[in-house]
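Protein chains in written order, with UniProt numbering: chain A, 1 to 170; chain B, 1 to 323.
Please keep in mind that the hints were generated in silico from the structure rather than gathered at the bench.
Check before you lean on any hint, since a few could be wrong.
Chain B is faced by these chain A residues, among others (derived, beta-carbon under 8 Å) [unchecked claim]:
1. L91
2. P97
3. S98
4. E99
5. D101
6. I109
7. R131
8. G136
9. E142
10. V146
11. S147
12. T150
13. L155
14. R156
15. T164
If you anchor each label on the Cβ, the simulated ranges turn out as follows [to be verified]:
16. B:D216 to A:Q31: 40 to 46 Å
17. B:F150 to A:L144: 26 to 32 Å
18. B:T26 to A:L144: 21 to 27 Å
19. B:Q167 to A:D86: 31 to 37 Å
20. A:L91 to B:Q213: 46 to 52 Å
21. B:E304 to A:A96: 55 to 61 Å
22. A:D133 to B:R262: 49 to 55 Å
23. B:A125 to A:S27: 15 to 21 Å
24. B:A125 to A:E107: 25 to 31 Å
25. B:E304 to A:R82: 49 to 55 Å
26. B:Q167 to A:R78: 28 to 34 Å
From the three backbone atoms N, C-alpha and C, an ideal C-beta is built for every residue, glycine too.
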Amino acid sequence: MPTTSDPNALLATLYRENHRWLRGWLSRRLQCPQDAADLTQDTFLRALNSRQLEQIQEPRAFLGTLAKRLLCNLWRRRQLERSYLDALAQLPERFAPSEEDIALVREAIEAIDRLLDGLPLRARRAFLLNRLDGLGQQAIAERLGVSLATVERDLRRAYIHCLTRDPEQP
Amino acid sequence: MKPPRLDAPTQSAVDWTLRLDPERATSEDRQAFAAWLAADSRHVAAWQRVNGLLQQPLADLQRAEVRSPGQLDAAKRALDTPASAQRRRLLGGLSLLALGLSGTAAVDRLAPLHGLLADHHTSTAQRKSVTLADGTQLILNARTALDVHFNDARRRIHLHEGELLAQVAADPLRPFVIVTAQGQVKASETRLLVRQEAGRSLVSVLRQDAWLQQRDGSETLLHPGQAAWFDERGMRPADASLLTRATWSQGYLESRDEPLGRLIEAMRPYYPGLLRISPAAAEIRTFGIFQVDDIQQALRSLAETLPVRVTSYGPLLTTIDRA
Numbered sequence: 001m002p003t004t005s006d007p008n009a010l011l012a013t014l015y016r017e018n019h020r021w022l023r024g025w026l027s028r029r030l031q032c033p034q035d036a037a038d039l040t041q042d043t044f045l046r047a048l049n050s051r052q053l054e055q056i057q058e059p060r061a062f063l064g065t066l067a068k069r070l071l072c073n074l075w076r077r078r079q080l081e082r083s084y085l086d087a088l089a090q091l092p093e094r095f096a097p098s099e100e101d102i103a104l105v106r107e108a109i110e111a112i113d114r115l116l117d118g119l120p121l122r123a124r125r126a127f128l129l130n131r132l133d134g135l136g137q138q139a140i141a142e143r144l145g146v147s148l149a150t151v152e153r154d155l156r157r158a159y160i161h162c163l164t165r166d167p168e169q170p
Numbered sequence: 001m002k003p004p005r006l007d008a009p010t011q012s013a014v015d016w017t018l019r020l021d022p023e024r025a026t027s028e029d030r031q032a033f034a035a036w037l038a039a040d041s042r043h044v045a046a047w048q049r050v051n052g053l054l055q056q057p058l059a060d061l062q063r064a065e066v067r068s069p070g071q072l073d074a075a076k077r078a079l080d081t082p083a084s085a086q087r088r089r090l091l092g093g094l095s096l097l098a099l100g101l102s103g104t105a106a107v108d109r110l111a112p113l114h115g116l117l118a119d120h121h122t123s124t125a126q127r128k129s130v131t132l133a134d135g136t137q138l139i140l141n142a143r144t145a146l147d148v149h150f151n152d153a154r155r156r157i158h159l160h161e162g163e164l165l166a167q168v169a170a171d172p173l174r175p176f177v178i179v180t181a182q183g184q185v186k187a188s189e190t191r192l193l194v195r196q197e198a199g200r201s202l203v204s205v206l207r208q209d210a211w212l213q214q215r216d217g218s219e220t221l222l223h224p225g226q227a228a229w230f231d232e233r234g235m236r237p238a239d240a241s242l243l244t245r246a247t248w249s250q251g252y253l254e255s256r257d258e259p260l261g262r263l264i265e266a267m268r269p270y271y272p273g274l275l276r277i278s279p280a281a282a283e284i285r286t287f288g289i290f291q292v293d294d295i296q297q298a299l300r301s302l303a304e305t306l307p308v309r310v311t312s313y314g315p316l317l318t319t320i321d322r323a
């Protein structure tokens, strides 16, 4: 990287030297070239927002990390969407939701998943049983086959996870 | 990385939330809790914070559940999906907090990721023509996402963002409905434009009549040549402008004595990064034809013909200010 501290000049250089490489990298991981182009653009926008451009030692490692994060989010959203649509397909016909409700539920699922991202699976399940199903700690312990103390520890961990999460994190 | 510590009131609020488990809490617990809550206004705020987690998505799920039973269960099943091995492998060892990332809102606005899940979507500077099963022709402007829902009784398009021009094929039995976040437009055979902005929508009827139906149930008949903005508060007629004429479908924007701000607004989906305009520059009147497929050239010609200073900071940021 050049030794200037103008973030826009730094970004311009970063873009010029790496965008072709990044798009190729993403294209190999996505079937759709349009998705790859979108994610390439998103990656640079995120780099622009990171405000640490002058500290980047290894631009491709930095961009690769950002791109991986976006790629993971995309996969995760598609995976959630698929699971939700699978569950919908098993509902009786007369319960078919409206498009508005599908959109509402889809967004709610993504919001909850984002908040819990990174939480270990057992704590995640305990927290969802508590908040979504309204189960008490004893009932959760029985459902998950663990001790009451474990449930309490998992729930505490989940609360702290959610409360200390950077709200700006994707 | 060590997680950041909670402040003392929040820590206590978590303790109380766990202690007030409905199966275990005694009346002494509840009294002690009431005393804690009353002792300090910061305790109330902390309690609200802890118990407000997931409040919005949970309320949304419950609303959907009331209208269509089974939604809560479907959501729970979806949320029980563990992250795929593919994802874990990719994420392994990453410390993203260390990168100090911020500002996802700007990213979402500029290159909407949720568009990738829609039936049809376009990215920056891309237009697309789609012919639907009934013969209706859609042209999507850049950065547009929509879903198509057709069945035996109705034809419905959900416009999530962006803009579309529809040449609706006649079907006397199935009305054609375009739904936005603020209402919907209904017609049986027509040519019209619908645009979804943040918090409001625009409809412009180009040929034959169409009905605008607002969220409160009120309906307004629009004739060819008429256009309207609509949002949560109501609708108001829109003057003919470069936004209502839909010339982008032919690759250009035509300004007839219109403010620069509006022209830039229409150019945004063709610019890959941030296009910032100052309020003073936004008011300058403009005339002329601008090709959207060469946005850099369009910006250069604005700089040459108007009293503005157009400054590019690399490929992702351009500012426009009054010279």
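For each hint, the structure was consulted:
1. L91: Holds. Min distance 5 Å.
2. P97: Status holds, d = 4 Å.
3. S98: Hint holds; S98 of chain A Cβ to chain B Cβ min 7 Å, cut 8 Å.
4. E99: holds, 6 Å
5. D101: OK, holds: D101 of chain A within 8 Å of chain B, min 4 Å.
6. I109: holds, 5 Å
7. R131: holds, 6 Å
8. G136: holds, 4 Å
9. E142: Cβ of E142 of chain A sits 11 Å from chain B, so the hint is violated.
10. V146: At 15 Å from the nearest chain B Cβ, V146 of chain A fails the 8 Å test, so the hint is violated.
11. S147: Given a least distance of 14 Å, the restraint on S147 of chain A is violated.
12. T150: Violated: closest Cβ of chain B sits about 13 Å from T150 of chain A, beyond 8 Å.
13. L155: Hint on L155 of chain A: holds, closest Cβ of chain B at ~6 Å, below 8 Å.
14. R156: Holds. Min distance 6 Å.
15. T164: Nearest chain B Cβ about 5 Å off; hint holds.
16. B:D216 to A:Q31: 40 to 46 Å: Roughly 43 Å apart at Cβ, these two residues keep to the hinted range, so it holds.
17. B:F150 to A:L144: 26 to 32 Å: Given about 44 Å between the Cβ atoms, the range is violated.
18. B:T26 to A:L144: 21 to 27 Å: For T26 of chain B and L144 of chain A the Cβ distance comes to about 25 Å; the hint holds.
19. B:Q167 to A:D86: 31 to 37 Å: Holds, at about 36 Å.
20. A:L91 to B:Q213: 46 to 52 Å: violated, 28 Å
21. B:E304 to A:A96: 55 to 61 Å: Roughly 57 Å apart at Cβ, these two residues keep to the hinted range, so it holds.
22. A:D133 to B:R262: 49 to 55 Å: holds, 50 Å
23. B:A125 to A:S27: 15 to 21 Å: holds, 18 Å
24. B:A125 to A:E107: 25 to 31 Å: Holds: the Cβ-Cβ distance is about 27 Å, inside 25 to 31 Å.
25. B:E304 to A:R82: 49 to 55 Å: Holds, since E304 of chain B and R82 of chain A (Cβ atoms, about 51 Å apart) stay within the stated range.
26. B:Q167 to A:R78: 28 to 34 Å: Hint holds: Cβ distance 32 Å, inside 28 to 34 Å.
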